[in-house]
Amino acid sequence: MKKNDLAVMHWGTYHVTTEGDTLTSVRPVAWDRNPSAIGQSLPGAVQSETRVKNPAVRLGYLQNRSASRNGRGKEPFVEVSWDVALQLVAEELGRVKTEHGNQAIYAGSYGWSSAGRFHHAQSQLHRFFNHYGGYIASTNTYSIAAGERTLPHIIGNLDELQRHHTHWPVLAEHCELFVAIGGLPLRNAQVNGGGANDHALSHWLTTLRQNGTRFINISPVRNDLAGVADAEWLAIQPGSDTALLLAIGQVLITESLYDASFTKRYTVGFDHYAAYLLGERDGIAKTPEWAAPLTGLAAAEIRTLARQMAAHKTMVNIAWSVQRARQGEQAFWATVATTALLGQIGTPGGGLGFGYASTNLAGAARRQFSGPRLPAGHNPVQQTIPVARIADMLLNPGGHYEFDGQQRVYPDIRMVYWAGGNVFHHHQDINKLIRAWQRPDTVIVHEQFWTAQAKFADIVLPATTSLEREDIGSASNDGFIIAMPQHLPPFAAAKSDYAIFAALSQRLGFADAFTQGRDERQWLQSLYEDSRQRAAA
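Under the UniProt record's numbering, the first residue of the sequence shown carries the number 1, and numbering increases by one thereafter.
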């Protein structure tokens with residue numbers, strides 16, 4: 001048996017068994033209270049026929065370069081040597097930079113790709129392009145962009161809020177009523193960018209219920225709170241959460257159930273908000289009767305819910321999915337307003353939460369620390385685009401758009417360079433994305449599998465998986481750091497993203513800046529030492 005047989009994945013830490021060059025079994029670590037079954041897919045995935053074996057170039061691109069862009073997603077690929085592939089990539093990078101500038105390169109690559117912190121593909125990609133003169137980056141996430149942009153104007157930075165959400169042990173001691181808008185899906189707590197080392201959500205839901213906490217699931221889907229067998233279910237109509245919250249606020253004000261001292265001391269604009277809820281501004285009082293046909297809930301249910309929330313230590317949590325819709329930010333805003341009326345923000349057992357079931361993070365009573373991270377350097381190109389506007393950007397070079405109160409202009413992108421993600425999985429309008437994907441001169445991806453994005457690329461460079469390289473697994477908010485040995489040799493001709501970028505930087509003349517003269521093991525030693533010193537500080 002190997003001295004260290006651990007492998008860290010986004011969905012957990014596992015003991016792995018290999019026989020020769022084959023992964024034969026995976027079993028979760030003993031300290032994981034509710035391990036994810038996703039880990040059992042590893043043996044089939046890492047040795048799958050869908051792996052990218054060799055560098056490959058789309059036939060039309062190999063023959064005619066960007067003149068063949070309409071063949072993306074349709075034409076076959078031709079496998080080539082690494083020398084040929086790297087030369088093609090280096091030449092095209094040089095051409096685009098010379099003719100159009102670094103602002104014509106989109107490398108805002110989106111995707112987690114690796115729980116290991118050194119081989120995190122985005123980090124490698126951004127470091128490479130920062131040393132090459134910059135690139136157009138993306139901002140925010142597909143997961144919770146509306147919340148990320150809206151909440152800083154209302155209550156604070158979302159990342160900071162989540163790190164300081166009331167811990168589960170405190171909720172277990174003090175919370176009397178847990179109102180879950182969008183539920184608390186156990187499935188959402190399976191993953192974390194740096195690895196979900198201990199899946200604790202099920203444990204804490206059970207503990208709270210045993211301690212007497214009452215749960216109300218406000219969702220179109222009953223099993224969004226499957227972790228609490230007897231949770232009450234209010235089957236709300238999709239997209240009507242804001243209407244429900246407005247009606248709750250109206251009841252709190254008209255029945256004098258709101259905390260007047262809290263609103264006076266900690267909020268701004270109460271009079272305007274109250275006037276809106278009471279219909280003084282538009283002639284429409286936001287009563288439970290008004291909200292009933294919009295939400296599909298009975299007016300009596302809404303009124304009773306408001307009274308119960310005011311009468312108990314109440315935690316109101318809203319799932320990320322609720323804001324993932326047109327005007328979805330309004331539900332987050334209304335959640336802040338409603339909990340401010342209750343006056344329990346910052347109290348043990350009460351207040352508000354944004355995604356208690358998301359990414360195994362919020363509420364975790366674990367020590368936080370600054371884990372290993374690859375220095376990315378400085379991006380000389382300051383322009384960014386909202387991550388979910390990539391199709392709009394490609395279709396409208398030079399077009400104007402509004403974002404977070406600013407007027408912006410889309411760049412003219414000639415190259416898309418992606419590593420460690422699959423935009424065809426994330427994006428909201430695939431047909432529109434396919435049309436947009438025909439616009440750039442060149443699309444280059446690093447991939448482990450023949451995903452949809454790889455099939456729509458011009459050049460595909462095969463990348464290793466986490467089992468085929470050494471790394472350090474760590475999630476700063478998950479309280480762990482784990483050495484990840486290499487368990488398998490690289491699949492076929494696959495290389496690590498670091499090795500690919502090191503070879504490209506050599507051809508483009510900035511290898512010393514990118515690698516700093518270090519191999520992968522030396523980088524791991526350096527990153528660990530830096531992290532250790534920060535943790536000790």
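Please keep in mind that the hints were generated in silico from the structure rather than gathered at the bench. Computed from a predicted model, the values in this text were never measured in an experiment. In this text, a Cβ means the ideal position worked out from N, Cα and C, and glycines have one as well. A portion of the hints provided could be inaccurate.
List of simulated lysine-lysine pairs, DSS-like, C-alpha gap at most 30 Å [unchecked claim]:
{"hint": "1", "residue 1": "53", "residue 2": "313"}
{"hint": "2", "residue 1": "455", "residue 2": "3"}
{"hint": "3", "residue 1": "495", "residue 2": "53"}
{"hint": "4", "residue 1": "495", "residue 2": "455"}
Beta-carbon label-pair distances, calculated as ranges [what the hints assert, rightly or not]:
{"hint": "5", "residue 1": "64", "residue 2": "203", "range": "25 to 31 Å"}
{"hint": "6", "residue 1": "229", "residue 2": "536", "range": "41 to 47 Å"}
{"hint": "7", "residue 1": "493", "residue 2": "30", "range": "35 to 41 Å"}
Structure-based check of all given hints:
no. : hint                  : in the structure
1   : 53 - 313              : violated, 57 Å
2   : 455 - 3               : violated, 39 Å
3   : 495 - 53              : holds, 10 Å
4   : 495 - 455             : holds, 19 Å
5   : 64 - 203: 25 to 31 Å  : violated, 58 Å
6   : 229 - 536: 41 to 47 Å : holds, 45 Å
7   : 493 - 30: 35 to 41 Å  : holds, 37 Å
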